[in-house]
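Novice: Sequence:
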Amino acid sequence: MFKKIILAAALAVTASFATWDYFPVLPAGQGSAKGGLYYDWDGDWSQAGLEIGARFSLIEKLELSLQSWGYQFWSEEDCKGCVNGGDGLRDLTIGARFEVAPMITAFLDFHLPIGNDDYSKNGHAPSTDEIALYLGGQFSMEVPNAPGFKFGTEAGIDWGFEHNHYDRGLELHIAGEADYTIQSIGLTPLLGLKFKFKVFEDEWEDGAGKEHGEDNSGHNQIQIWLGAQYAVAPNLSVLAKLIVRSGDPEMGGDASGLYAGVEFFF
20 MFKKIILAAA LAVTASFATW DYFPVLPAGQ GSAKGGLYYD WDGDWSQAGL
70 EIGARFSLIE KLELSLQSWG YQFWSEEDCK GCVNGGDGLR DLTIGARFEV
120 APMITAFLDF HLPIGNDDYS KNGHAPSTDE IALYLGGQFS MEVPNAPGFK
170 FGTEAGIDWG FEHNHYDRGL ELHIAGEADY TIQSIGLTPL LGLKFKFKVF
220 EDEWEDGAGK EHGEDNSGHN QIQIWLGAQY AVAPNLSVLA KLIVRSGDPE
270 MGGDASGLYA GVEFFF
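So for the sequence shown, the numbering used here puts the first residue at 20; every next one is plus one.
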């Protein structure tokens, strides 16, 4: 049962839990809403779904967001005689970012497991069934000598709370993205990288109250994504990207992914 919970959580994390982006917060009184389709696959397993979110800057330098919610269409192994499964509502992340200083932003994301967490059915449920915090800092800047080029970086701690007698070990995440906007056509190619490292091992408690360790501290995953964003209008953009992952199963594994979405600014 615990192995199934670990696997289900890893598959759910494959398509979730990230700050809105690595760049400065929006000016006060401005916001945006986005929606997109994701598809991930690894061998006989695949998952797909709809992800939506919205953000708004209530006051100068403070941005609040709702992220990663939506509906998962499926998450299952493709095999003869298998029954489709893994569909249902996704978990929700409530986020806050605050500009501490020019180019430096602090963030806090609160992951709420409100999605479908029925592990008894076929497939892999979209919920991690775990309350979690993701907190850290970001640094971003536009390169003065290269108009249109900017980059953003992030370092954070992913801390999951104990649930179902299972305690996921603390993780360190380091990430960055470089964007180059071709102003004449409104096209922005982008390249990103994320490294996840498990600082402490996962632990679980059996029916007799005895604790066990998974001996998986040091496990990790690397994600690389390549994509492009296009400004259809001043307040509307579309985004498509390819994600390649390589890592240990409980960190999200080796799944590749595709994402296509749209963001409306207001």
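Treat the hints with care, as some may be off.
Said to hold, decoys possible - Pairs of lysine to any residue residues, derived as SDA-like cross-links and limited to a Cα-Cα distance of at most 25 Å, are as follows:
1. Lys213 x Pro253
2. Lys229 x Gly188
3. Lys169 x Gly62
4. Lys53 x Leu209
5. Lys213 x Ala47
6. Lys80 x Leu108
7. Lys169 x Ala47
8. Lys169 x Ser203
9. Lys169 x Pro43
10. Lys53 x Leu111
11. Lys213 x Ser265
12. Lys80 x Gly188
13. Lys169 x Ser65
14. Lys169 x Ser256
15. Lys213 x Phe285
16. Lys213 x Pro268
17. Lys213 x Asp61
18. Lys229 x Asp61
19. Lys213 x Leu85
20. Lys260 x Phe283
21. Lys80 x Ile133
22. Lys80 x Asp61
23. Lys229 x Thr172
24. Lys213 x Gly48
25. Lys53 x Phe180
26. Lys80 x Leu154
27. Lys260 x Gly211
28. Lys169 x Pro268
29. Lys169 x Ala227
30. Lys213 x Lys229
31. Lys53 x Phe285
32. Lys260 x Lys80
By construction, these hints were calculated from the structure, which means they are not laboratory data.
Treat the numbers as computed from the prediction; the structure is a model and nothing was measured.
Novice: Confirm or reject each hint.
Specialist: Evaluated hints:
Of the supplied pair hints, the one linking Lys213 and Pro253 is violated, its CA atoms being roughly 29 Å apart against a limit of 25 Å. Simply put, Lys229 and Gly188 have alpha-carbon atoms about 17 Å apart, close enough for the 25 Å limit, and the pair holds. For the suggested pair Lys169 and Gly62, the alpha carbons sit about 36 Å apart, so the restraint of at most 25 Å is broken. Between Lys53 and Leu209 the alpha-carbon distance is near 18 Å, which keeps this suggested pair within the 25 Å criterion.
For the hint linking Lys213 to Ala47, the alpha-carbon distance of about 29 Å lies beyond 25 Å, and the restraint is violated. Distance restraint check for Lys80 and Leu108: the Cα-Cα separation of roughly 32 Å exceeds the 25 Å cut-off, and the hinted pair is therefore not satisfied. Distance check on the hinted pair: Lys169 and Ala47 sit about 22 Å apart at the alpha-carbon level, within 25 Å; holds. Restraint check for Lys169 and Ser203: satisfied, since their Cα atoms lie roughly 17 Å apart, inside the 25 Å limit.
Pair hint Lys169 plus Pro43 holds up; C-alpha atoms about 11 Å apart against a cutoff of 25 Å. Taking the CA atoms of Lys53 and Leu111, the gap is about 14 Å. The hint holds against a cut of 25 Å. Proposed proximity of Lys213 and Ser265 is supported: the alpha carbons are some 11 Å apart, at most 25 Å. Simply put, Lys80 and Gly188 have alpha-carbon atoms about 32 Å apart, too far for the 25 Å limit, and the pair is violated.
About 33 Å separates the Cα atoms of Lys169 and Ser65, which puts this hinted pair outside 25 Å; it is violated. Of the supplied pair hints, the one linking Lys169 and Ser256 holds, its CA atoms being roughly 17 Å apart against a limit of 25 Å. Our distance criterion of 25 Å between C-alpha atoms is broken by Lys213 and Phe285, whose separation comes to about 29 Å. Between Lys213 and Pro268, the direct Cα distance comes to roughly 16 Å. Compliance with the 25 Å bound is thereby established for this hinted pair.
The hinted pair formed by Lys213 and Asp61 meets the criterion: a straight-line CA distance of about 19 Å does not exceed 25 Å. For the proposed pair Lys229 and Asp61, the alpha carbon gap of about 34 Å is over 25 Å, so the pair is violated. Of the pairs offered as hints, the one joining Lys213 and Leu85 holds, with about 22 Å between alpha carbons and a cut-off of 25 Å not exceeded. Restraint check for Lys260 and Phe283: satisfied, since their Cα atoms lie roughly 18 Å apart, inside the 25 Å limit.
Restraint check for Lys80 and Ile133: not satisfied, since their Cα atoms lie roughly 29 Å apart, outside the 25 Å limit. The straight-line distance between the Cα atoms of Lys80 and Asp61 is roughly 40 Å, outside the 25 Å bound, and the hint therefore fails. With a C-alpha separation of about 41 Å, the suggested pairing of Lys229 with Thr172 is violated against the 25 Å cut-off. Under the criterion of a C-alpha separation no larger than 25 Å, the hint pairing Lys213 with Gly48 is inconsistent with the structure, at around 31 Å.
Restraint check: the Cα-Cα separation between Lys53 and Phe180 comes to about 28 Å, which exceeds 25 Å; the hinted pair is violated. Distance restraint check for Lys80 and Leu154: the Cα-Cα separation of roughly 17 Å lies within the 25 Å cut-off, and the hinted pair is therefore satisfied. For the proposed pair Lys260 and Gly211, the alpha carbon gap of about 10 Å is at most 25 Å, so the pair holds. About 33 Å separates the Cα atoms of Lys169 and Pro268, which puts this hinted pair outside 25 Å; it is violated.
Only pairs whose Cα atoms come within 25 Å are accepted, and Lys169 paired with Ala227 is rejected, the gap being roughly 54 Å. This hinted pair does not check out: Lys213 and Lys229 have alpha carbons roughly 35 Å apart, beyond 25 Å. Between Lys53 and Phe285 the CA atoms are separated by roughly 11 Å; this keeps the pair inside 25 Å, and the hint holds. In summary, the hint linking Lys260 to Lys80 is not supported, as the alpha carbons are separated by about 29 Å, beyond the 25 Å threshold.
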